[in-house]
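Novice: One-letter residues, chain by chain:
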Amino acid sequence: NAGVTQTPKFRVLKTGQSMTLLCAQDMNHEYMYWYRQDPGMGLRLIHYSVGEGTTAKGEVPDGYNVSRLKKQNFLLGLESAAPSQTSVYFCASSYSSLAGAYEQFFGPGTRLTVL
Amino acid sequence: GNSVTQMEGPVTLSEEAFLTINCTYTATGYPSLFWYVQYPGEGLQLLLKATKADDKGSNKGFEATYRKETTSFHLEKGSVQVSDSAVYFCALSDTGGFKTIFGAGTRLFVKA
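Protein chains in written order, with the working numbering: chain A, 1 to 115; chain B, 1001 to 1112.
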């Protein structure tokens, strides 16, 4: 099992450029998430999905779009990158459980710099 | 709304010292509580969890007890190693469980 994988690992963009970050998981998890991590601010939820074909906004969704066309993939798009979107982006997935303890499994992260 | 507050770092300890990282939470209902660890250059990984009051989660020598009366979930380890140097995140998932709220993280440095 590869777990959660993210591509690319690093990327440098110029202001106004667009890009897509890809997340893939092979654990058959229903739930997937995109977070950004900034110094001193922990993890902030950008968007999430509770199943194939569904997405929802998190805490900081502005400037980002997502799609979940296949259960195993969750894409994060930046249509017009801004320097404020310089960050480390993490994808995560989790399973549904009757016990209610929803552990999340994280990918290795994508470090994005917007100049 | 739900929130998690953990002690600010960095925390610097010598090898074999005792570790405590404080975490308190605000939540309605009966959340599940977690500690995640992030090693340099990696994503977060689950360290331990507790799903109800008075539960004790433990893993790799780390422990935390879910205290509903004090709304706390403090992380402890009796003897830290250099390899424990990392960032530690306290987190909770609300009732219904598919969203997790993370604390700001506490960086731990362990000196040989």
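None of these hints come from the bench; they were simulated from the model. It should be emphasised that the depicted structure is a prediction, and the values quoted were computed from it without experimental measurement. Using N, Cα and C, we set each Cβ at its ideal position, and we do this for glycine too. Take the hints with a grain of salt, since some may be wrong.
Said to hold, decoys possible - With the C-beta cut set under 10 Å, the calculated list includes, among others, these residues of chain A facing chain B:
{"id": "1", "residue": "G16"}
{"id": "2", "residue": "G42"}
{"id": "3", "residue": "G58"}
{"id": "4", "residue": "D62"}
{"id": "5", "residue": "F106"}
Novice: So, as I understand it, the hint says A/G16 touches chain B; can you test that by seeing if any CB pair is closer than 10 Å?
Specialist: Cβ of A/G16 sits 29 Å from chain B, so the hint is violated.
Novice: Are A/G58 and chain B close enough, Cβ to Cβ, to be under 10 Å, as the hint says?
Specialist: Check passed: Cβ of A/G58 comes within 8 Å of chain B, closer than 10 Å.
Novice: At a threshold of 10 Å, is the proposed contact between A/D62 and chain B supported by beta-carbon distances?
Specialist: Interface hint status for A/D62: violated (18 Å vs cutoff 10 Å).
Novice: Hint validation: A/F106 versus chain B, beta carbon distance must be below 10 Å. Holds or violated?
Specialist: holds, 3 Å
Novice: Taking the closest Cβ pair, is A/G42 under 10 Å from chain B?
Specialist: The hint holds - A/G42 has a Cβ within 10 Å of chain B, the shortest such distance being about 4 Å.
In this structure, the hints that do not hold are numbers 1, 4, in rising order.
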